[in-house]
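Q: Protein sequence lines correspond, in order, to chains A and B.
One point on numbering: in UniProt numbering, the residue at position 288 of the first sequence is 288, and numbering is uninterrupted.
One point on numbering: in UniProt numbering, the residue at position 274 of the second sequence is 274, and numbering is uninterrupted.
Worth flagging that the hints you see were computed from the coordinates, not collected in a lab.
Be a bit skeptical, because a hint or two may be false.
[To be verified] Derived pair list, reagent style BS3-like, types lysine-lysine, alpha-carbon separation capped at 30 angstroms: (1) B/30 - A/430; (2) B/539 - B/7; (3) B/92 - B/207; (4) B/274 - B/207; (5) B/203 - B/274; (6) A/430 - B/430; (7) A/536 - A/203; (8) B/430 - A/30; (9) A/180 - A/104.
Chain by chain, the residues run as shown.
There are 2 protein chains.
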Amino acid sequence: MSEILLKNCRVYTMDESVPYAEQILLKNGKIAQLGTRDDNLASNNSVQEMDLGGQTVLPGLNDSHLHLLSYGMALSTVDLSDVSSFRELIAKVQNYIDNNNIPKHEWVIGQGFDEENLQEKDFPTREILDQISQCHPVIVKRKCTHVSGVNSYALDLAGITAEDNEKIEGGKVYLDQDGKPNGVLAENAQNLLSHILPSYSEKDLEKYIKLAGEAFIDKGLTSVQSDDLKAIPGGEDMIMNAYLSLAEKGELPVKVNLQLQLSSEEEITTFIQKYSPYFQSSVTDYLNFGPLKVLLDGSLGGKTAALRQPYLGDQENFGIVTYTPESLDSLLDCAARHHLQIACHGIGDYAIELFLDSIDKIQAKFGGDYRHRIIHCQLTDLDLINRIARQNISVDAQPDFVGSDYGLLEERLGFARSINTYAWKTMLDKGINVSGSSDCPVEPFDPRLGIKAAVTRQDANNNPCGGWHPWEKVSVFEALKMYTVNSAYATFEEQVKGKLAPGYCADMVVLEEDPYSTPPQELDSLSVNKVFINGKIVK
Amino acid sequence: MSEILLKNCRVYTMDESVPYAEQILLKNGKIAQLGTRDDNLASNNSVQEMDLGGQTVLPGLNDSHLHLLSYGMALSTVDLSDVSSFRELIAKVQNYIDNNNIPKHEWVIGQGFDEENLQEKDFPTREILDQISQCHPVIVKRKCTHVSGVNSYALDLAGITAEDNEKIEGGKVYLDQDGKPNGVLAENAQNLLSHILPSYSEKDLEKYIKLAGEAFIDKGLTSVQSDDLKAIPGGEDMIMNAYLSLAEKGELPVKVNLQLQLSSEEEITTFIQKYSPYFQSSVTDYLNFGPLKVLLDGSLGGKTAALRQPYLGDQENFGIVTYTPESLDSLLDCAARHHLQIACHGIGDYAIELFLDSIDKIQAKFGGDYRHRIIHCQLTDLDLINRIARQNISVDAQPDFVGSDYGLLEERLGFARSINTYAWKTMLDKGINVSGSSDCPVEPFDPRLGIKAAVTRQDANNNPCGGWHPWEKVSVFEALKMYTVNSAYATFEEQVKGKLAPGYCADMVVLEEDPYSTPPQELDSLSVNKVFINGKIVK
Numbered sequence: 001m002s003e004i005l006l007k008n009c010r011v012y013t014m015d016e017s018v019p020y021a022e023q024i025l026l027k028n029g030k031i032a033q034l035g036t037r038d039d040n041l042a043s044n045n046s047v048q049e050m051d052l053g054g055q056t057v058l059p060g061l062n063d064s065h066l067h068l069l070s071y072g073m074a075l076s077t078v079d080l081s082d083v084s085s086f087r088e089l090i091a092k093v094q095n096y097i098d099n100n101n102i103p104k105h106e107w108v109i110g111q112g113f114d115e116e117n118l119q120e121k122d123f124p125t126r127e128i129l130d131q132i133s134q135c136h137p138v139i140v141k142r143k144c145t146h147v148s149g150v151n152s153y154a155l156d157l158a159g160i161t162a163e164d165n166e167k168i169e170g171g172k173v174y175l176d177q178d179g180k181p182n183g184v185l186a187e188n189a190q191n192l193l194s195h196i197l198p199s200y201s202e203k204d205l206e207k208y209i210k211l212a213g214e215a216f217i218d219k220g221l222t223s224v225q226s227d228d229l230k231a232i233p234g235g236e237d238m239i240m241n242a243y244l245s246l247a248e249k250g251e252l253p254v255k256v257n258l259q260l261q262l263s264s265e266e267e268i269t270t271f272i273q274k275y276s277p278y279f280q281s282s283v284t285d286y287l288n289f290g291p292l293k294v295l296l297d298g299s300l301g302g303k304t305a306a307l308r309q310p311y312l313g314d315q316e317n318f319g320i321v322t323y324t325p326e327s328l329d330s331l332l333d334c335a336a337r338h339h340l341q342i343a344c345h346g347i348g349d350y351a352i353e354l355f356l357d358s359i360d361k362i363q364a365k366f367g368g369d370y371r372h373r374i375i376h377c378q379l380t381d382l383d384l385i386n387r388i389a390r391q392n393i394s395v396d397a398q399p400d401f402v403g404s405d406y407g408l409l410e411e412r413l414g415f416a417r418s419i420n421t422y423a424w425k426t427m428l429d430k431g432i433n434v435s436g437s438s439d440c441p442v443e444p445f446d447p448r449l450g451i452k453a454a455v456t457r458q459d460a461n462n463n464p465c466g467g468w469h470p471w472e473k474v475s476v477f478e479a480l481k482m483y484t485v486n487s488a489y490a491t492f493e494e495q496v497k498g499k500l501a502p503g504y505c506a507d508m509v510v511l512e513e514d515p516y517s518t519p520p521q522e523l524d525s526l527s528v529n530k531v532f533i534n535g536k537i538v539k
Numbered sequence: 001m002s003e004i005l006l007k008n009c010r011v012y013t014m015d016e017s018v019p020y021a022e023q024i025l026l027k028n029g030k031i032a033q034l035g036t037r038d039d040n041l042a043s044n045n046s047v048q049e050m051d052l053g054g055q056t057v058l059p060g061l062n063d064s065h066l067h068l069l070s071y072g073m074a075l076s077t078v079d080l081s082d083v084s085s086f087r088e089l090i091a092k093v094q095n096y097i098d099n100n101n102i103p104k105h106e107w108v109i110g111q112g113f114d115e116e117n118l119q120e121k122d123f124p125t126r127e128i129l130d131q132i133s134q135c136h137p138v139i140v141k142r143k144c145t146h147v148s149g150v151n152s153y154a155l156d157l158a159g160i161t162a163e164d165n166e167k168i169e170g171g172k173v174y175l176d177q178d179g180k181p182n183g184v185l186a187e188n189a190q191n192l193l194s195h196i197l198p199s200y201s202e203k204d205l206e207k208y209i210k211l212a213g214e215a216f217i218d219k220g221l222t223s224v225q226s227d228d229l230k231a232i233p234g235g236e237d238m239i240m241n242a243y244l245s246l247a248e249k250g251e252l253p254v255k256v257n258l259q260l261q262l263s264s265e266e267e268i269t270t271f272i273q274k275y276s277p278y279f280q281s282s283v284t285d286y287l288n289f290g291p292l293k294v295l296l297d298g299s300l301g302g303k304t305a306a307l308r309q310p311y312l313g314d315q316e317n318f319g320i321v322t323y324t325p326e327s328l329d330s331l332l333d334c335a336a337r338h339h340l341q342i343a344c345h346g347i348g349d350y351a352i353e354l355f356l357d358s359i360d361k362i363q364a365k366f367g368g369d370y371r372h373r374i375i376h377c378q379l380t381d382l383d384l385i386n387r388i389a390r391q392n393i394s395v396d397a398q399p400d401f402v403g404s405d406y407g408l409l410e411e412r413l414g415f416a417r418s419i420n421t422y423a424w425k426t427m428l429d430k431g432i433n434v435s436g437s438s439d440c441p442v443e444p445f446d447p448r449l450g451i452k453a454a455v456t457r458q459d460a461n462n463n464p465c466g467g468w469h470p471w472e473k474v475s476v477f478e479a480l481k482m483y484t485v486n487s488a489y490a491t492f493e494e495q496v497k498g499k500l501a502p503g504y505c506a507d508m509v510v511l512e513e514d515p516y517s518t519p520p521q522e523l524d525s526l527s528v529n530k531v532f533i534n535g536k537i538v539k
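Model the full assembly from the supplied sequences, consistent with the hints where possible.
A: Shown next, in the form of structure tokens:
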């Protein structure tokens with residue numbers, strides 16, 4: 001490959017030994033050399049020079065936890081993130097059915113509603129969803145995907161009854177006054193639908209993956225860490241095949257680290273036997289594997305996050321944990337035997353504590369630098385944060401959650417307890433590797449939104465004034481670090497990506513504006529003018 | 001003392017375990033209890049309640065390095081910080097003489113000029129200063145106080161000749177084309193004036209200390225760490241007596257940690273013998289002693305900061321060090337034998353390296369948690385920063401220097417080397433205790449200016465756009481921490497002040513505005529509405 005010299009630019013390298021440069025020489029997809037205005041980097045005449053006209057260059061952004069395939073699939077579902085009443089929800093899904101002429105008996109899937117934004121402040125039950133259609137199975141998923149509502153058609157199709165509550169661990173079939181399922185399913189109760197949800201072909205999945213990846217690049221993401229194996233119940237192999245096939249053909253638009261959501265020792269063992277050859281020597285640097293993703297509790301919104309003290313005004317409700325301490329120990333022990341890094345979805349303080357206890361045990365037994373991770377890590381206290389720091393556990397944070405959730409936190413937890421949520425600056429100051437993520441499709445994947453939210457701690461309307469719990473605001477540098485260096489550290493790739501330094505991948509974003517000169521509230525409007533992956537211009 | 005309950009306020013405690021509160025109960029000069037909107041803290045009827053109407057409460061601010069007495073004395077000298085040519089400088093000093101009817105033969109002292117801001121870009125020589133007066137001794141000090149210009153009257157009075165250059169260590173008498181002193185004196189050469197400078201009485205000093213202290217409180221400082229012993233050559237005892245006398249009378253307006261600038265082993269030993277009784281049991285908590293202040297090099301502005309590579313365009317000039325490696329080792333060894341914390345003025349990378357080498361030796365020999373300090377610590381690289389972190393050395397930073405110096409740095413050091421200056425965010429991220437200071441009268445003491453400069457990295461006119469080397473910007477929280485928690489850590493007082501937590505001194509600032517809702521460029525305009533020291537309202 002020929003050499004490219006990027007000139008006349010402001011390069012924030014994120015490399016602490018040379019934090020700033022003004023030209024970059026690329027060679028064979030890597031950064032070859034950096035220089036300032038006074039240097040002459042062009043080593044020969046074949047160098048292709050590119051004048052960037054004073055634009056800003058950053059390392060390519062890296063989302064440390066999202067659901068690429070779910071997002072791709074969501075492109076063919078109804079987006080409910082903007083509905084504000086049951087009436088609107090019903091109308092939007094009905095329009096979708098009409099506009100797309102969805103045949104009777106075919107699934108209709110909506111996602112992204114947030115009952116906090118609904119006038120009714122409640123989950124949609126079958127009574128509501130039956131108003132959409134009684135001749136299509138209908139499911140609408142909460143934005144966190146931990147709670148769904150289904151209509152009577154779907155309930156009947158799946159054969160769900162009140163008695164299922166006795167069979168499910170870590171989940172709940174909600175009942176109406178007569179003791180019958182009301183259509184709301186939380187956590188593992190959603191699996192009762194697995195056998196009847198629509199099926200996809202591998203080709204479908206390839207299409208969705210490419211669509212999503214291309215959208216990601218457009219906003220400056222060059223790497224994403226994606227939790228996809230459970231996007232289709234029972235579809236692990238098809239999903240793996242779709243990814244492997246795209247990687248082999250060189251058609252993955254964006255670099256992907258696949259997070260492996262596997263819920264039992266048996267699943268882990270089977271998966272490892274089948275796919276471990278790909279773990280060591282990836283097909284390309286576009287596809288890597290790990291960590292094991294463990295889903296330990298739900299969400300604060302859905303009142304399913306596992307708390308040490310009950311939800312405010314709901315003294316019986318401590319949330320839901322998907323594993324007992326013993327079954328979690330046993331699962332993590334199995335993961336450790338297979339040398340897997342573990343990333344645990346943990347939102348409530350009880351879930352986080354449970355995970356730390358379990359990690360203590362496997363670290364004592366197996367040791368090693370595993371950089372285990374807590375995804376979300378929303379409700380903490382100083383003791384938990386100190387334990388996380390001491391165990392060198394990384395935290396995958398979703399800055400955008402602040403804007404969506406801050407109104408809800410006092411309501412769910414009371415004011416005093418809400419002070420200890422989303423404590424990312426405190427975590428960073430303790431030396432914890434906090435990386436940036438969107439959890440897309442839970443929040444929009446656009447990393448500029450996350451960067452803005454981390455810096456401002458405000459929602460899209462710049463509320464609350466001054467930012468929510470503003471001592472936890474991070475600087476622009478720290479927000480960029482969360483989406484570059486820290487995301488790379490979480491996947492053991494800190495020697496490869498996340499910085500612009502000699503030998504690193506030439507994964508880069510070119511911005512029209514300088515984020516440091518941009519008012520914090522306008523960080524979501526930075527113009528992504530060019531994107532490079534491995535030295536190639538992909539936007 | 002009665003109890004006071006502050007209500008209806010936004011309290012940023014700077015205490016990581018309880019970062020935010022909405023009411024504070026004060027008892028006997030200490031914080032007794034904190035609470036949120038839901039708590040009822042008033043323990044009995046005698047509690048005096050104070051409704052703060054939603055204002056912000058912070059721990060009292062603490063400047064980790066300034067010259068309180070020099071500032072007080074400067075109130076009776078000519079302020080030259082705003083002159084932009086020799087003509088203006090001459091006119092301003094002449095006006096001062098005329099307006100104050102300064103009798104012939106009496107000293108005229110000006111301070112604060114910066115040759116970078118003068119049209120002539122040069123130090124004022126005797127030729128210039130003779131135009132002010134030939135019948136008054138005149139001295140004008142550079143803002144850094146490391147370089148002065150004197151007129152012919154003063155030169156002759158002191159009997160300074162070219163031959164003095166052979167006698168002075170760590171200083172320089174500048175010469176004209178004829179080989180005669182041109183009136184410019186750098187570093188220790190300034191001591192040649194000691195015996196002829198005007199004398200002060202202890203009462204004068206008490207007056208200056210009170211004047212300065214009151215001015216400090218007005219801007220929200222409740223503690224300052226002041227390097228004053230050399231404010232008057234040979235005046236150490238008088239200065240100590242003035243401070244001790246004010247402390248005994250309870251007339252110190254502000255809490256003072258006196259930094260002890262002592263330049264030889266003999267000075268240290270004599271001082272310790274005389275004053276160590278006060279070290280253990282202070283008269284009040286308004287006056288504490290330590291660290292030993294060592295002056296190791298000069299300033300980048302004056303080209304006297306000691307560099308590892310020469311000044312740009314001045315290949316012979318590496319700056320000036322005041323000690324040889326051996327004499328520094330010996331001085332620090334003496335300090336360690338007396339259990340003194342050491343704060344070293346070190347600006348250039350050579351001076352910083354020399355200090356670290358020497359600290360390595362005394363730490364290996366004596367051990368202990370001394371939290372030695374580097375004041376200024378301007379030109380570093382990653383290796384030096386890593387060493388500073390490893391040795392748990394604190395850095396006393398002057399955020400306001402960025403605005404004053406950034407134009408000069410490229411000129412003195414070249415662009416590439418300038419990237420590694422004022423790297424406070426990098427230092428904080430390495431876990432280094434970076435505290436905030438003004439070095440007043442070098443820069444104005446107003447801590448709001450320092451907080452603004454640390455956050456924006458801009459000068460008073462908000463230049464350069466986006467901030468100078470903006471990856472080193474700190475967050476508002478970090479800037480506040482520099483002036484509270486971190487300053488307290490530097491004097492081993494982190495259990496006493498710098499936070500608002502039960503048992504801590506009730507040293508507090510009440511601000512009209514919330515600094516987190518204030519645009520960064522307006523942080524210097526926060527309104528300091530009330531100041532408490534030990535629970536008493538002092539403003």
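Q: Now tell me, hint by hint, if it's right for this structure.
A: Results of checking the hints against the structure:
1. B/30 - A/430: 28 angstroms, holds
2. B/539 - B/7: 18 angstroms, holds
3. B/92 - B/207: Answer holds: residue 92 of chain B to residue 207 of chain B is near 25 angstroms, not above 30 angstroms.
4. B/274 - B/207: 24 angstroms, holds
5. B/203 - B/274: Given that 30 angstroms is the threshold and the Cα spacing comes to 21 angstroms, the pair holds.
6. A/430 - B/430: 10 angstroms, holds
7. A/536 - A/203: At roughly 26 angstroms apart (the allowed maximum being 30 angstroms), residue 203 of chain A and residue 536 of chain A satisfy the hint.
8. B/430 - A/30: Distance ~28 angstroms between residue 430 of chain B and residue 30 of chain A Cα, so the pair holds.
9. A/180 - A/104: 26 angstroms, holds
In summary, this structure violates none of the numbered hints.
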